[in-house]
Each structure stands twice: as structure tokens, then as C-alpha cells.
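Residue numbers (the UniProt record's numbering), protein chains in the order written: chain A, 1 to 247; chain B, 1 to 247.
Just so you know, not all the hints are guaranteed correct.
To be verified - Below, simulated DSSO-like cross-link-like pairs (lysine-lysine); rule was C-alpha separation at most 27 Å, straight line:
1) A:Lys-84 - A:Lys-45
2) B:Lys-79 - B:Lys-127
3) A:Lys-200 - A:Lys-219
4) A:Lys-45 - B:Lys-45
5) B:Lys-45 - A:Lys-79
6) A:Lys-45 - B:Lys-79
These are computed hints drawn from the structure, not numbers from a lab. Since the model is a prediction, treat every value here as computed from it, not as a measurement.
Protein chains: 2
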Amino acid sequence: MRTHIVYAHPHNGSLNAALRDEAVQTLEGLGHTVTVSDLYAMDFKAVADYDDFGPTENEHFMAAAGEAWDKGEIAEDIKAEQAKLLAANNVILQFPLWWFTVPAIMKGWMDRVFTNGFGYRPSRDWKRYGDGLLAGRRAMIVVTTGAADVHLSERGINGDINDLLFPIQHGVLFYTGMEVLPPVVVTGAGWQVEYPDMVKHLQGRLETLAETEPIAYRKQTEDYDEHKRLLPGRETEGTTGFALHIA
Amino acid sequence: MRTHIVYAHPHNGSLNAALRDEAVQTLEGLGHTVTVSDLYAMDFKAVADYDDFGPTENEHFMAAAGEAWDKGEIAEDIKAEQAKLLAANNVILQFPLWWFTVPAIMKGWMDRVFTNGFGYRPSRDWKRYGDGLLAGRRAMIVVTTGAADVHLSERGINGDINDLLFPIQHGVLFYTGMEVLPPVVVTGAGWQVEYPDMVKHLQGRLETLAETEPIAYRKQTEDYDEHKRLLPGRETEGTTGFALHIA
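Pulled out of the complex, with its shape left as it was, chain A reads as follows (with noise of 0.2 Å):
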């Protein structure tokens, strides 16, 4: 087993960092290969831009990046993170939550990183929702939120925090074909939890990642139209929202 972790935060005494090396011995102590991407550490840059690959005459940025990927001209670093993601059988984002996502290094790694030619392809019926170049692989999101639990429910004044992270779970990670394990959620970091209690439920996860039942998100090439509109009569009665894409 070889699992894939994508670290970002500032500080290497924090919370954050400590979760981080518990699940490294964890993972280690079940067998698995362990790899780190930590991001701050690394200097990770952050932000698409044309330096990312070679000269080009395209004025599309998404199009110039696909062409660019056709010729192999892509940034190192940008291969670099592609090829770690390529090799493991899980992928694991630790972040804390910064305005209800992720922090904008783990976001500019997303934007590098799953680029046109390796996170999609554009075409007639492309591959993505369940199916895509990182199929077979599971992913799952560890975070750390100031926010106590309450706040992130359904009712809590900041949204549930599993449609708070749809667009990363669902859009990007389920997008690229991965299987999308529920999330780890610290909720209430640094003062409503023990960190004893944190570490426990975290090793838990991390015991079970390979029988978890990853979540049950629609495949593109199941559920939908071929306008990609969810078919009639598929969800049950009265379900709204993002709801609808959970089978």
C-alpha cells in the first residue's frame, strides 16, 4: 500500500503538524509507503500561471495548459506532485479550514497539479465522475476547523461541513475518479477536543481506509443524461441540493 499524503500549513508546531506525523507513524506502523507533499515546506507555488509550462501562442489559458501537456512541457514540480499521485493507492488532503475551504496553497496545488491533460481532458463525453486517470484510488479529506461541531451541522450557522466540502470532494476529487472516503473533521481545534481523543479517531480511520465505504456519489456514466442532468425518479422524494448527487 502506498498512500499519498498532501500537507498544508504554515507552522510545523502546530496542530496540524502533529496529526500529520501521527498519521505518518500510523500508516508506516500498518505497512504502508509512506509520501509527503508539505506544501508550505516545499515553497509549493501556488499559482497557475504561464511559467507553468512552455512558450506559448494560445490566448486560452485552460487550452495553452492542454497543449502544453500534449508536448510534455509542464513544470517539474508540477510532474513531480502528478507522478506521487500516480504511484499511491490512497491520497490524503490535511488542511485546516480557512474560509470553509482550503487554504490557498492546497488550492494552487489542485489548480497546478490537476491540469487539462491530467486532472481532465475536455471532449465530446469526457472520463470524470467516478471514472478518470486517478480511478482506483481512494481519497480522503483530514481537517481541522476552530468551528465546534454544532456550527458545522446541517442547522449550525456556517452549513454542513460534508456539503462545505463537496466542491473539493465531489468536484475535484471524485471528478478525477477517485473513491471519496468520509472526511476526518476536527472540529473545535485547539479547545473543545483532547488530543488523545483527535489521535484515536484519526488512527481509526486510517486502520480502516481500505473497507470504508467510500461515499456515494453518482457516476457520469450511470445516473445522468446526456445533458449530465440527474435521470428522472433516481433520487428519493423530496431530496434537494447536493443531496441529489448521492446515490
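On the provided structure of chain A, position chain B as indicated by the hints.
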């Protein structure tokens, strides 16, 4: 009227750049003073880190940021962005939808500009969600997507664009006190819509900035209990997900 546009696109010959220029022209024609933060052109620092403030012994990044705020030791580029927001009556965020949210450089703008003390200040009952430092301002997203309209509808495979934008519109813009207008969403950018139609739509929305009804996000002070949970019975029966947080 002062309107501030925060804009992110790597190519100055793009559709986004053209729409930005049309917006500036329209707003100036309406008598607005317009400022633009063109994040790529400014080479805006995308990654929040300890270089954003003076030296600190505080290991907790968010707390350290708050400490620096109190001492006035925040990076000059952040202060400049904050000043533009404070001077504005309207704030427009314009970007291409990348992986169902903003490009990393704009996420970095949020992470860094809405720092502890400016975007929020933790306390027992801190001002946010309809209240906060930026109250009295109107905010609007202008977003272009390669995806077609139907793909970003509720039953569309990507999910409803309004739900996808919820973490930004509710979690950042409304959180910091701004009223949020329905977004201008240019779907099928580059293939499905004609440029003059896009411009006309955008112009119409800019001309009605002042009288457009904001999204009726619920205020922290009105619809939530002491645990920040939506009070029972506030919603129409059967409402679920993010829709619970809209009156």
C-alpha cells in the same frame, strides 16, 4: 459610489479581461469611482504565512495574525487591499471558475486580507453573518465557467452553481458583513454564449447594483440560537442543506 473589483485571470487578452474592462467602463459611465485589484498583474502574494506580519512567538497562526493586527504589524500589500474594501460601497469579485471555486490567487487574497481583526475577531459572540466590519457594502460575484448552464443546475452533474458558491458568498462575503447580490454567471464561456449577450447581461446587473435584492441569508443575530443553530420552525417544511440558511 465607489466600486472595487477584485479580479483574477492569468491572461490579459482573455474573455475575463474583456468583461472586466466592460464592467469598468459601464460603472464609470454610471458615475462610479472604480478601483481594480488585478491580482495576477499585481503579482499578489497568494500564500498566507508568517511573512505577513512582524516577528511573533505565537505558535497558533490565527492568533499570531490577530496579535499582529492589534499592533498594526500587517504587510503593506494587505493593508492596501483592506483600505480599498473600506473605501468601497460595492465589491465585485471576478474570476473564472477553477475546480468549482476561485483560482488560488484569489483564495490567497481572502486568506490574507480577511485576517484576524479585519475579516473576523474571535470572541464570545463575535460579529459576523450579516454584521461585521464590512457591513453596509454590497458584494457580487462575476464568474465565467466552461461548463454549460444545465451542468451547473441543481440536477446538473456539477451541482447547483449557487450551492457551489455558498462557501464564498455566505462564508466569506456575508460572513464579513456584506450584503450579497445574486451572482453573474457566464456559463459556456467561449463556446455557448455570444459576447454581446454576455456584455449586455453584465451591464444590466451593474446598472441595477443598488436596487437588486440581496440573497436573503439569515443573520446570526436573528435566526440562530445560542449554539448558532437555526431556530426550529424558521424554515419551510422539507427544506434541507444550504437552503436552510436562506430566509
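Results for each hint:
1. Distance restraint check for Lys-84 of chain A and Lys-45 of chain A: the Cα-Cα separation of roughly 17 Å lies within the 27 Å cut-off, and the hinted pair is therefore satisfied.
2. Among the hinted pairs, Lys-79 of chain B with Lys-127 of chain B is consistent with the structure: their alpha-carbon atoms are about 21 Å apart, no more than 27 Å.
3. Pair hint Lys-200 of chain A plus Lys-219 of chain A does not hold up; C-alpha atoms about 33 Å apart against a cutoff of 27 Å.
4. Between the alpha carbons of Lys-45 of chain A and Lys-45 of chain B the distance comes to roughly 10 Å, so the proposed pair stays at or under 27 Å and holds.
5. Between the alpha carbons of Lys-45 of chain B and Lys-79 of chain A the distance comes to roughly 23 Å, so the proposed pair stays at or under 27 Å and holds.
6. With a CA separation close to 23 Å, the supplied pair Lys-45 of chain A and Lys-79 of chain B stays within the 27 Å bound.
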